[in-house]
Amino acid sequence: MVAPIYIIAVALGLAFLLGLLKSSSTNLGSLLMLAGLAFIAFVSGQWLYEFLINGRATEMIFTAGFKPPFSINLRMGMQEALLTTMINAAGLLSGLYLIDTLKKTGINSMTVLLVFVMSLNVIVMTRDIFNLFVFLEISSIATAGLVLLSSKGNAFQAGMKYLIATGIISGLFLIGIIFSYLYAGSLNIDELNAAHIMDIKGGAIAIFIIYVSVILELKPFPANGWGIDVYTAAKPGFSALISSGTATAGLYVAYKLLPLGGETWLPYFTIIGAITFIGSNLMGTRQQNPNRLLGYSSISQVGLLLMILGLSNQLGDNTLFIAFSILISHYAAKAGLFWLSGIVKSQNLEGWAVLRKQPFMLFLFGTFIFALIGFPPFPSFFGKWQLIMELATQENYLWMTLILTGSFIEAIYLFKWLGFAIKLDVPSNIVMKFEWNKYLPVYLMALTLYVIGFYVSPMVEGGAFINYIPLLFVLALFALDFLPVFVKNTISIAGIIYYMVDLFSQLENDLMRQIFAVIFLGGAVLTLMAGYNKKGTRAGFYPMALMMFAGLTGIIEANSMLEFFFSWEIMTAGSYFLIIRGKRSMPHGYSYMLFSIGGAYALLFGFALAYASGLDTTIAALGHITQLTTLAYTLLAVGFMTKTASLGLHIWLPGAHGEAESDVSPMVSAILLKAGVFGLMLLFLYMGTGTEGGDKLLYVLGWVGALTTLVGNLGAVFQEDAKRLLAYSSIGQLGYILFAVSIMTQLGWLAGFTYTINHFMFKAILFLVIGGIVVKLGTHNMYEMGGMIKKMPFSFIAVLISIIVIGGIPPLSGFAGKWLFYHAIIQKGWYFQGAVIFFAGIIAFLYLFKLIHSVFLGQLKDNHRNMKEISPWILIPSYLLIIGIMIFSAFPQKILQPIGEMLSVYFPESLHWEGTKAYTSLGYWDGTTIMIVVMTAFILLLGWLVLMSKKIKKVEQFNIVYAAERPFRPETTHVSYNIYAGYKKAVGFLVTPVVEIFWDSMSALLFDFAGWLRRIYSGNMQNYALHVVLFIVVFYLIALGGL
Amino acid sequence: MIKKLLIVGLLTGLAFMFYGLLISYNGNETLTGLGSYYAQNGAREVGAANLVSAIVVTYRGLDTLGEVTILFLAAAIIGFVLKLKKDEVVEARPVRETSELLTSASQVIVPVIFLVGVYIFINGHLTPGGGFQGGAVIASGVLLMLLANPTMHISHNIVATIESISGIAFVAIGILGIVLAGGFLDNRLLPLGEFGTLLSAGAIPLIYIFIGLKVGAELSNIIGTISYNQNEKPN
Amino acid sequence: MEYIILISGFLLVLIGLWGILSQKNLIKIILGFTVFNTGINIVMVTVGYVKGKTAPILDVISPEEALTSIVDPVPQALVLTAIVIGLGVTALMLVYALKLYQDKKTLDINNFKDLKW
Amino acid sequence: MDYSITKFLWTLLGLFIVLNWGMLMSSTMRRIGARVSGRFGIPWYQPWIDLTKLYSLKSQVSHGAMFFLGPVFRLMGGVGIFLFLPIIYGSDHWSNYSFSGDLILILYFQFFGMLGMALGAGEGGHPHSAIGISRGLSQFTTIEVPMTLAVISLAIQYQTLSISDIVAAQQGGFTTWTLWTNPLATAAGMLSLLGAFGHSPFNLVKAPNEIPIGPPTEYHGVFLGVLRTNGAILHVAEAALFMNLFFGGATNWVELIVKTFLIYFWSVFVGTVFPRFRIEQSVRWFLKVPTIIGIIAIIIFL
Amino acid sequence: MFIAIAIILAIVSIAGAIMAIHHKKLSVAIIASGLVSLTASVMFLLLAAPDVALTEASIGSGLTTIIFFYALNKIRNNHD
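Chains as they are written, first to last, in numbering that gives the first Met the number 0: chain Y, 0 to 1042; chain B, 0 to 234; chain P, 0 to 116; chain S, 0 to 301; chain G, 0 to 79.
Derived by calculation from the structure, the hints in this document are not laboratory data.
These numbers were taken from a predicted model, which means no experiment stands behind them.
Heads up, a few of these hints could be off.
Listing some non-contacts, in silico: residues in chain P with all C-beta distances to chain B over 12 Å [what the hints assert, rightly or not]: (1) Phe9; (2) Leu10; (3) Asn24; (4) Thr45; (5) Asp58; (6) Asp107; (7) Asn110; (8) Lys112; (9) Lys115.
No more than 20 Å apart at the CA atoms, straight line, and that leaves these computed lysine to aspartate or glutamate pairs for DMTMM-like [what the hints assert, rightly or not]: (10) Y:Lys21 <-> Y:Asp99; (11) P:Lys50 <-> B:Glu193; (12) Y:Lys21 <-> P:Glu64; (13) Y:Lys66 <-> Y:Glu262; (14) Y:Lys534 <-> Y:Asp1007; (15) P:Lys52 <-> P:Glu64; (16) Y:Lys949 <-> S:Asp49; (17) Y:Lys415 <-> Y:Glu868; (18) B:Lys2 <-> P:Asp102; (19) G:Lys23 <-> P:Asp107; (20) Y:Lys533 <-> Y:Glu660; (21) Y:Lys983 <-> S:Asp49; (22) P:Lys52 <-> B:Glu193; (23) Y:Lys916 <-> S:Glu254; (24) Y:Lys984 <-> S:Glu279; (25) Y:Lys827 <-> Y:Glu660; (26) Y:Lys151 <-> P:Glu64; (27) Y:Lys533 <-> Y:Glu868; (28) B:Lys3 <-> P:Asp113; (29) Y:Lys916 <-> S:Asp91; (30) P:Lys23 <-> P:Asp102; (31) Y:Lys916 <-> S:Asp164; (32) P:Lys115 <-> Y:Asp1007; (33) Y:Lys534 <-> Y:Glu460; (34) G:Lys24 <-> P:Asp107.
Glycine is no exception: its CB is placed at the ideal position from the N, C-alpha and C atoms.
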């Protein structure tokens, strides 16, 4: 065991030794520096190992051989070992990363770096407040010096700003130290903490000064312009170290000093943390420079951690876990991002598209972004989960709201950035050169995130049961990404089928989950089959698709809320990547992600309230929410409704589904939307009826569902883009489902299930086929198509059957839904909603006709004369689904009766079966008979016509009577563009994009506010110093003004 | 103007805070806390007559090491800052001829100044003064040399070598403290000797020598770097 | 006496801050810092002062006598460190100011706003 | 559930009666219309002549499979409504196949023929087909709104959606008809009927003058014969549906003939009085007057 | 006696500080700030802190002032 004191001794000794070297021997110097950094990393790592594995007791280091408080002592415990290991690892990697720059600037800069890292170690370890001051000064000076590694002219300005601000802060810190010494008679932090000098006025002020200095060192918003500029001006390699190292150490200082003032000071930490978290994130939304953006993001994360420290008395034993998991995510992700920034070398966010040249780096970039936002499986996910749960237990809703709001704002700019990287044109002027010393640190940080995430997950209640097997499969596909499509497709399908079989054995007696398992995994197999017609490797598609399916599976399997939320987020991440693959998908993927995250936070809030109600982590906790019951249910419903794209939350869907790739659209439409349905169903089952708030909520949701249907269907009517039309149609269909489920009777739920199953089948067919046609014809615009029935008869039949189902026309299964629906409505007494829904249902015919007519009927276009039928790989799954529709249509009772029995556990029976005939108190319906009658009659009538027909003459395309002359150009005779102009005149006001306008103005408001606010960052260093003083005075007047 | 008013307002706020500190300060009647411990035990434990030195070098030796490091850092940073953009053309004034008197006087006085500096840091454990003060005095000697001969180029190598070696020695003594005595920078690795004599207080004089040398070298280095740059001739 | 010195120390701190916050010339701002630091040093030493006692330099080892005769050595030790640190920072600031001056040929603080927002 | 041959034959007979009555009714209406405007009009047997002529025409032009299937779908739509409607109350023979489903089934089966026709005409490739269909669909969406409201009102009133039960509830004399017990629903329903029959003022869809060509021209010969057949059946079936819902149903064929004639006459009568609406006018009109009446019809039952 | 000295020192130091900040000539301002340090070092003597006094005198008023002058000089050089 190497004693921790050698961290200081060796680092300083080496630093002094470096001064002996000739200024030309930079190679030797850099070797020595790296050796020094490696050594201190080794020492701290070895202590961490001791504590983790051998459970060693905390070690105290007494300098000069005297016991504290008479001499300075250092502490090496679990926490210190962990943090110093983090700092030293970042230091070592930064040193490696910066090696070329350091060699260029000379040995002095190496010395400074070495001393800097050492000082951070001491800041963490020391238990003496003046010693803390000295080493804080060292780190400040070293920071101001290392900024200059950047050859940019503004580095001096940044350094100067930093020196001025920290000069003021440290001066005041001294006053605080000396007065706390006066009253406590000690400089030892532990003794100071025990001294309770808060009661003396001077002591209270001394504590205030110490606190304000420590907080200011953390660069709280808005007194942090000097810190931001350092992030911006410094070499990214060094910014990484400030962000991961300095922030870590600074936070630990705050943590060490927490007991100094006792609980009365905690709220101030929380408030300042919250302001910093939200304010800095707001600033982040307006940044174009990646380094500055990362700077704001870093500070915001520190704000969040400060908040957590301030809440430590409420979080109890969990504080450290929460803080650590968020800290480590921030640490690794921010370091990784800064290092990446140094590799990309772009001064604006758009330039990051160059990452696409190296997909693996893009993957890492995504990893860091997701880790920062708090997606699974990264540690911050578990930290945030636990944080929100604990806060809810303490009924601390304000902080929960602020934390989630801040996180959301952070997502706004981080995902914009990620979107740029994924979608924008690769800039030609930026070259990414492979340098192992720059790439390796990035790899390691990403690896850290995964490993730590896996490691911390069992520490959260319920986290031990998270099923990582599907994720491992996803990972395997990442590794196999170089293989051709055919192989990967087969592997994926085989894997899913295997898992489905396995899953079914676990889901016995749970019909609801079985149904969704079929939709999710069966749907996965069918939609993946369409992938066989793709060529090449289709890089990145399979891992993402499978990630989405893994998430979906997880939702079904989940027993605890944590598992559910974990899978929910995995699904969101996977689907985001799938959606954004489309050619013009960037804005749509972005809005999808923002709505998803907003929804996820609503869910999180709801889960937290459920957890707080009974400290129950299972999903069943949703059944007995006693804290803010109505709000909890509303939030959960809203969370799920973002996925079902209900009115108000639907604006992401048309673009996201419309612009996605041809086989992604069916995945995200037919399958993914059902995740929201599943969630809503779970929620409503646990919620039950009869609770006052719940019933009101259901009533509102009923209306929302009805209006969603109306808006969705109307929106579809006026589309000229085939896929968008289908997307709007999905909104409408999901509105039906929401409405049906909200009815909360057996009939309503049966209708809901019928719609769910139907929508799954027909929307998969439609998106597959229409998607295939769109690709084949090279246009989304329906008015540029036409006459495809001759070229693609199989597609036509598939689409025809689908639209009959959508329309609810007997005898196909769509009618089953309609029938159940109206009976449910009338039994429930929701007449007007029913009328709206019915109206919407007829409107559906408008778009259905438009779709099939514009694409398949009318005049064939000249440039499409040589078109062939779409790929059999698209038609096969479509026809398999048609078989499904036919079975469901002919034997609805076979499927609906078991569902009804399952539902009768939860609801009073309102439907009974006699053979194939269903009865309600209002009427009856016999799907099988209808099928027989209609089919018989149809065949007879067809026979009648065939019998009566004489010689039928086939005519040429233009053989129509058209104003006494025959037209020759198909364009003039294919009436398809804006065919519902008259209708638009009459009811078009209903499709005014009110919701879009609302969200647009919300975001404009946010950006304008951020733009206004950021004017405080005037760039004038004196103003920044003024901010610091202002911060102190305002804080003082608030905290102690009355004293 | 508004800004000035704001500043005045803020300073008033700070004054308000200081006023709070002031009114709760009653002046110390007796020695309490840490101070009383050092007063009672410092001399016995460490063996230095000058308790400030005892604290600076031994009890709070780590601070002192940090402090030396800060100067070292400052020197290093100034070193590489002024090295940056070396090719920049600096218009220097023609160097004024120094008077004969100053030149010859400096040749006499500088060694004396150095001696005084050394005296101050060697006796740091007995009398007021110590490594920093002595170092500062040595630096002023260097300064005088520079004044006497502005074109003189202080040999970076010599200064840096002194600086580094004394720094390393400082750390090495600290480590020896762990090996031979109670902990890092423990002065008792050498016998405490007879109280009040030059060779007492264990390793304090030794440490102070290195601190003095180091501080002197660092300060000289800073001054030298700045002045060297100043006198750089355009070429 | 110590009150007067303490007050003047605090006043120096405030004057120094006034200089830092109000002056436009970088050199003046740095001068403000030295005044500010001097004020802090005065405050610190004053806090360690014990009425009517002498410097913490002992003639003989005599715990009882030492206890009653000397002022608190700890703040003095701290100030020693602080002074040296202050010098380091001041020197560094001056060099930065020099560099800024070379860059823009001005010392006016309002001219160094390349980084903002 | 009776799938026997006898049942089938009885239904076929009913269909035959309805077809002939439908043709007679249409010629009568046209005569009345002609008389009102001072013309002589067609002979009452004109539809039979037309139909015979159409079915025996030798020339037949097809644009493709869907074009061919369109009329079949259309006829199936009309026949289907008849099949699922208990046409004579209390009669086993004439209840057809109404045991398959209730009122909801009939409401939705209306779309069957419409859709088929639309698709068939669409394949014809004639631009006016698309225009006509788009107008028809547009208008249809709003026609159905008052109809739905009326049906909901009835469902609340009678607590059933079974047509037989609705008719049963109206037995007991003239005053127990829905017309009197729920006049608002009846009003809404009858206004909706105007649109459904597509007479003036809601006949822009067929637009006999502005669009003289289109589906009726593209479809000729046997196809047109099938369409005409359907027209006759559909008119009677629709009228019979309204009769069942609002006017006490019919217990025998005579009652049926009288009531359906009056219902049909109502639509023609209105048509001769009002000028034709443009499409957005009719859409707006249906969303105003009849819809409000329908809403009130529900409110009074809440 | 001590009080009188303290008052004088306080007045001098504050006057010096104000001059250091407000005097138009930089060289005078630098000297004034050196004066502040010097008075401070006398105050330290009064406060029974000879070590600090020595340090303040040599470093605060001595070296710091000189470094300022060097910097100033350099700026002037640049200025020409």
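Hints, one by one, checked against the model:
no., hint, in the structure
1, Phe9, "violated, 4 Å"
2, Leu10, "violated, 9 Å"
3, Asn24, "holds, 15 Å"
4, Thr45, "violated, 8 Å"
5, Asp58, "violated, 7 Å"
6, Asp107, "holds, 15 Å"
7, Asn110, "holds, 17 Å"
8, Lys112, "holds, 15 Å"
9, Lys115, "holds, 17 Å"
10, Y:Lys21 <-> Y:Asp99, "holds, 18 Å"
11, P:Lys50 <-> B:Glu193, "violated, 31 Å"
12, Y:Lys21 <-> P:Glu64, "violated, 54 Å"
13, Y:Lys66 <-> Y:Glu262, "violated, 29 Å"
14, Y:Lys534 <-> Y:Asp1007, "violated, 46 Å"
15, P:Lys52 <-> P:Glu64, "holds, 11 Å"
16, Y:Lys949 <-> S:Asp49, "holds, 18 Å"
17, Y:Lys415 <-> Y:Glu868, "violated, 39 Å"
18, B:Lys2 <-> P:Asp102, "violated, 27 Å"
19, G:Lys23 <-> P:Asp107, "holds, 14 Å"
20, Y:Lys533 <-> Y:Glu660, "holds, 11 Å"
21, Y:Lys983 <-> S:Asp49, "violated, 39 Å"
22, P:Lys52 <-> B:Glu193, "violated, 26 Å"
23, Y:Lys916 <-> S:Glu254, "violated, 31 Å"
24, Y:Lys984 <-> S:Glu279, "holds, 6 Å"
25, Y:Lys827 <-> Y:Glu660, "violated, 41 Å"
26, Y:Lys151 <-> P:Glu64, "violated, 61 Å"
27, Y:Lys533 <-> Y:Glu868, "holds, 16 Å"
28, B:Lys3 <-> P:Asp113, "violated, 24 Å"
29, Y:Lys916 <-> S:Asp91, "holds, 19 Å"
30, P:Lys23 <-> P:Asp102, "holds, 17 Å"
31, Y:Lys916 <-> S:Asp164, "holds, 17 Å"
32, P:Lys115 <-> Y:Asp1007, "holds, 17 Å"
33, Y:Lys534 <-> Y:Glu460, "violated, 45 Å"
34, G:Lys24 <-> P:Asp107, "holds, 15 Å"
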